[in-house]
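Enquirer: Dock chain Z against the given chain R, drawing on the hints supplied.
So you can see what is in the structure, the chains are spelled out below.
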Amino acid sequence: MNDKLIQLNGVTKRFGKNTVLDSVNLEIPEGKITGIIGASGEGKSTILKIIASFYKPTAGKVLYFNRSIFKDIQNIKKSFGLAIEDGSFYENLTVEENLFYFGHLYSVKEGVLIPRVKGLMHFVDLIDAKDILSKNLSLGMKKRLDIACSLIHKPSVLILDEPTADLDPLLRYQIIKLIKKINSHGTTIIFTTQLLEEAEEICDKVAILYNEKIIEHGSPSDIKDKYHVGDLDGAFRKIFSKKGRKTYQESVEKKTEIKNEKQEKKEEEFSNKTFWSDDDNIKDMITKEELEEFYSSDRKK
Amino acid sequence: MIFGNFSALVKKDLLMFFRSKISSVIIILIPLIIILAAGYAFSSSQLSSVYVGVHFNSSSTLSQNIASGFSQNGFIIKNYSSSSDCINSVELDESQICAIFSNSSSGNFTRDSVVFYADYSRLNLAGTLINNAENSVYNQSVKEGEASVQDLISLIDLTKSVLPSARISLNSASSDLSQSQSSLIGLNIPVSDFDTAISYLNTAYSLANSSNEKSYINNTIALLSSMKSNNENVSIVLGNVASFQGGVSGDLASALRNINAILTKVQSKNISSAQNIVSPIGISVRPLNQNSSTIDYMTPVLLALIALFGAILLSSAFVLKEKKTKAYFRNFMTPSKDPVFIISTYVTCLIILLIQFILVFAGVYLILHVNLFAVPLELAAVLFASLTAFIFVGMFIGYVFRSEESVIFASMIAAGVFLFFSNTLFPIENISSTFMSLSIFNPLIALDSAFKKVILFGLGFSSITSELTTFGIFFVVFAILTYLARKITRRML
Chain R
1 MNDKLIQLNG VTKRFGKNTV LDSVNLEIPE GKITGIIGAS GEGKSTILKI IASFYKPTAG
61 KVLYFNRSIF KDIQNIKKSF GLAIEDGSFY ENLTVEENLF YFGHLYSVKE GVLIPRVKGL
121 MHFVDLIDAK DILSKNLSLG MKKRLDIACS LIHKPSVLIL DEPTADLDPL LRYQIIKLIK
181 KINSHGTTII FTTQLLEEAE EICDKVAILY NEKIIEHGSP SDIKDKYHVG DLDGAFRKIF
241 SKKGRKTYQE SVEKKTEIKN EKQEKKEEEF SNKTFWSDDD NIKDMITKEE LEEFYSSDRK
301 K
Chain Z
1 MIFGNFSALV KKDLLMFFRS KISSVIIILI PLIIILAAGY AFSSSQLSSV YVGVHFNSSS
61 TLSQNIASGF SQNGFIIKNY SSSSDCINSV ELDESQICAI FSNSSSGNFT RDSVVFYADY
121 SRLNLAGTLI NNAENSVYNQ SVKEGEASVQ DLISLIDLTK SVLPSARISL NSASSDLSQS
181 QSSLIGLNIP VSDFDTAISY LNTAYSLANS SNEKSYINNT IALLSSMKSN NENVSIVLGN
241 VASFQGGVSG DLASALRNIN AILTKVQSKN ISSAQNIVSP IGISVRPLNQ NSSTIDYMTP
301 VLLALIALFG AILLSSAFVL KEKKTKAYFR NFMTPSKDPV FIISTYVTCL IILLIQFILV
361 FAGVYLILHV NLFAVPLELA AVLFASLTAF IFVGMFIGYV FRSEESVIFA SMIAAGVFLF
421 FSNTLFPIEN ISSTFMSLSI FNPLIALDSA FKKVILFGLG FSSITSELTT FGIFFVVFAI
481 LTYLARKITR RML
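One line per chain: the protein sequences are R and Z, in this order.
Here our numbering is used: position 230 in the first sequence is 230, and no number is missing along the way.
Here our numbering is used: position 88 in the second sequence is 88, and no number is missing along the way.
Careful: at least some of the hints might be erroneous.
Computed cross-link-like contacts, DSS-like style, restricted to lysine-lysine with a CA-CA straight-line distance of at most 30 angstroms [to be verified]: (1) R:Lys71 - Z:Lys487; (2) R:Lys71 - Z:Lys337; (3) Z:Lys337 - R:Lys109; (4) Z:Lys326 - Z:Lys21; (5) R:Lys109 - Z:Lys11; (6) Z:Lys326 - R:Lys78; (7) R:Lys135 - R:Lys154; (8) R:Lys78 - Z:Lys321; (9) R:Lys142 - Z:Lys324; (10) R:Lys17 - Z:Lys487; (11) R:Lys154 - Z:Lys78; (12) R:Lys109 - R:Lys32; (13) R:Lys154 - Z:Lys321; (14) Z:Lys337 - R:Lys118; (15) R:Lys49 - Z:Lys487; (16) R:Lys56 - Z:Lys21; (17) Z:Lys453 - R:Lys109.
Hints were generated in silico from the structure; no laboratory data involved.
With the rest of the complex left out, here is chain Z:
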């Protein structure tokens, strides 16, 4: 009996809907047209028509190379004669980003720098542009840096090869010095030998008989005295040389220690690649799906938006249309209860939306070649749960408001609130923590997330339970509100 009432209601609604052929065709086909258009529009992953304003405060080879790197990335370069003109070009939307190159001196060293100015009101684009520009600068810097570092590495290698032989030479010099020190010490004649020789000669003088002998002896004594004196001088000089040698020996030892230390450190560092110094950590960014294109990544959010706007607008319009019909009063006079009417409206909207989505899925799969059916059961569950939640939101709006204008306005506001506090316009991580904690209940975020998990990554039910729970909560809350709102409209008849 209830099923008879229910099927009569659904049949009546579908009959009236499809009786208006033009509007029913438009309602069903529009989402398909939108998604195909979006698919073709965003089929390229490259940025195009991006203007980069450039100004050089001071030019260098590096900055020129970086600027030409922008061109290679597909950006269109616009040169400006001043910084203010360059910055103004971003404000006036003539350029999407401005790069100002300058360099600064510190002693004998100069350092190039580049400052980017971007319009952060276009958050998504600004982020992409900055990322691209920074990558360009980074790549060029790495290139230049690697060349310089390679020179340094060559110098170190040369040092590594030269220092051992220098150490050998120093060791040899040190040992030669030690030998000469020993030899010098051996050279020293003791003063006492001279004194002994002089005393022998004095004795010989006293024993000499002739004056010639005495003269020769005196001369020898004088000579020996002179030699003694010279020997004393030589001793002093030898002493100085010895101490000088000691200093040199110390210096040589110190130099050897330093060379040993340098060699030890240099040999302990295994530096073979300039790249390892300039960028010790290799960075690469890879998509989760290597074979995915831009349209693959856009499909979940597009489908979510179609579900959101389609369901809320359709269901609210359906309810309002029903309220405006002459028969609305008579429906209250029949024994059929309010839940039957509510569920039949829900089923009617669900059928129409499912027809829409079948066409959309077919179009996306066949024309845009996006594989949506990795996990078809999960996809169906997500679609069913999300549409249910949105339909009841729309039905509630339809019962609460009385005129077409207010219903459409309220539906757009509701969808807009969901859209604004989602990842679609701005990253949700940018908003305050209070709103972020509320945003987890946003069904659009749940739907976007669920579609991504199911369509892009092929994950199963266990990964989408929280999203399905969100839809369930919305369904329960708005089903109750819808029932209450319908009760209230009865009183206004």
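One chain only, chain R, in its complex shape:
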């Protein structure tokens, strides 16, 4: 197994005058699940799109098997699958039609495609919904369809942008289970999340993105050991306290200028019950019961 399947060396990305990533260094190991954690607007989606060769970095290199991904973009596209946060499929096509369509675009031969589509629908548990128009699927089913569309060409690397965003705990559990299942087949997975718990549960490696940089990376256990804490949350408190007591609330307010209002509201509401604050007292830590109460109140709204 290659510990440096994908390498980001000094990657910088600017959009006009706005610097989103600044000299980011990251190594993605083969066959593992790597999580990139950060607040909204930190650049998580950007880093994924750079890895997927959709964006070219302003500076730095992205290597796949020690070769720049931009030297052979067509092969990279065949090897990588990407599922973005909003989902990327045709709402006026059925599940099966979407999968066949993208299969053809990836030049999967007809003889291979037919059983693969069927197998994939079983894999993501959408076989019963194969003739339903995508716009009529539930949120969880849409997420699974999106992941299935990313897998149609059997990529060796699967990139997921906040696959569990906006999902209730049950659906989140289902997606996490699916991610693990995909990884069990040897697919390297890179995904982004805002939730530490999730990252701790499934990631073999995490990278923390803050203020345009990767400020910490490693396996969850390594990070916990480094900071002598029992969970990632404790590690984060120490990291942030090291960074000058900048609260999560402040970082959200700074970065959510570029996010939509709904997202801002939800995160702001959530951040008032944040995992961490500017003192070491963990009494503000949200409990699982409080979490469920929060989501149920959100659904009632």
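Expert: Okay, now just chain Z, sitting in the frame of chain R:
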């Protein structure tokens, strides 16, 4: 492999298009409905409900006849009591044209005149109305003129028949005059004869013995002297008569010369028809196709408009819809290249438009009885080339603009520009030379021209090469622009 990608894209687009049954039916059937409605609406070649305002400054039989001629042409006459009212009626759209009749005097002659006032903002209608009205006036004028000229011709013919006999009479009079002149000259007795007779008598007196003889001789001498004197007077009178005769003879000769000259000129002119004088050049206007109706002439421009608006709006909407779908991003992540997506969108639009046009052609041929298929290959080539050009114009608009409103607006603007600088609204020959030189690149003009050549006149490929070239240029330019625009949209994702 590429064909598999391409066919998957086209199949996906057509599936999504026809999945929305109502909108797909509307999009395909609307052009057919439009063309059938236009066909029935414009099936008559006559003008109807055209009001002609009329005012008579001074009336004459001719002007009254002309005015009634308007009625015979199907115009509705409205009489106005003043010129200003008549002109105002055109401004207020109560009449489409105003005719003001007047006449002017010049010596012993009067001349009728008519002045037309037309609203030239309705260029096409104004031209037709003026043409109709002028024809009406012209026909009536010709009729009146022919009658007058015929009278003149009759007079000339009479002159032709009378003058020869007058010439004969004059010739005879001239010769009689010459004879009388000769006779008069013969009448003159020389004075010397009288002198000789008087001298003989003087001699006889001197030889006479008796007084009676001398008295008789004296009396005879006196008588002869008196006769001599009378003879001298007669000579003078004869001289006057001779000179008078000379004058008359000169006048007769001059009159003869004039008559000869008139006769020569009159006889040299072969005037037999008043019509040849009044209208020496016969004018008639005939359509290129004797059997064509108004709808036949309208069909090419209607088809061109359907192609223009249909192709630009459909392709721009297709591209925008694709950009708005969630899957747009994922398409960029696949190994399929941009040209495949562009060509598949083009083919999808082309298929839908061809279905539209098959229905339109069937409707026009079966219901309106317009024969479109004189040269079917050329028709297919023109349709294919023009739709290709318009589709890529629309696709470019779809990639450049981001919202539905801006895409629709831009599509309408683009189609409107093509429409405005074409023959459809105003004659292209009316615009300035600069714009006219640019208008040859207008694909709508090329399409209208190509359709006319192919549908109306049945001309072949050699006559439509310039039009096909125009479509080709547009296709190349906008295909490149579309590719570049798609590249730019990728950066905005």
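Enquirer: Against the 30 angstroms threshold, does the CA-CA distance of Lys78 of chain R and Lys321 of chain Z hold or violate the hint?
Expert: With Cα atoms ~26 angstroms apart, Lys78 of chain R and Lys321 of chain Z stay inside 30 angstroms; holds.
Enquirer: Next pair to validate is Lys326 of chain Z with Lys21 of chain Z; report whether the Cα-Cα distance is within 30 angstroms.
Expert: 22 angstroms, holds
Enquirer: Quick one, are Lys56 of chain R and Lys21 of chain Z close enough, alpha carbons at most 30 angstroms?
Expert: 42 angstroms, violated
Enquirer: Given the hinted pair Lys49 of chain R and Lys487 of chain Z, is their alpha-carbon gap at most 30 angstroms?
Expert: Roughly 17 angstroms separates the two Cα atoms, so the pair holds.
Enquirer: Decide if the proposed pair is consistent with the structure: Lys135 of chain R and Lys154 of chain R, CA atoms, cutoff 30 angstroms inclusive.
Expert: 25 angstroms, holds
Enquirer: Holds or violated: Lys453 of chain Z with Lys109 of chain R, Cα cutoff 30 angstroms?
Expert: This hinted pair is violated, its Cα atoms lying about 48 angstroms apart.
Enquirer: Sort out whether Lys487 of chain Z lies within 30 angstroms of Lys71 of chain R, counting only the CA atoms.
Expert: 19 angstroms, holds
Enquirer: Going straight from one Cα to the other, do Lys337 of chain Z and Lys109 of chain R come out at no more than 30 angstroms?
Expert: Between Lys337 of chain Z and Lys109 of chain R the Cα gap is close to 18 angstroms, so the pair holds against 30 angstroms.
Enquirer: Starting from Lys154 of chain R, check that the Cα of Lys321 of chain Z is at most 30 angstroms away, please.
Expert: 29 angstroms, holds
Enquirer: Would you check the hint for Lys71 of chain R and Lys337 of chain Z, treating anything up to 30 angstroms between C-alpha atoms as holding?
Expert: Status holds; Cα separation ~16 angstroms.
Enquirer: Is Lys17 of chain R close enough to Lys487 of chain Z, meaning Cα to Cα at most 30 angstroms?
Expert: Answer holds: Lys17 of chain R to Lys487 of chain Z is near 22 angstroms, not above 30 angstroms.
Enquirer: Between the alpha carbons of Lys109 of chain R and Lys32 of chain R, is the straight-line distance 30 angstroms or under?
Expert: 29 angstroms, holds
Hints 11, 16, 17, counting from the list given before, are not met by this structure.
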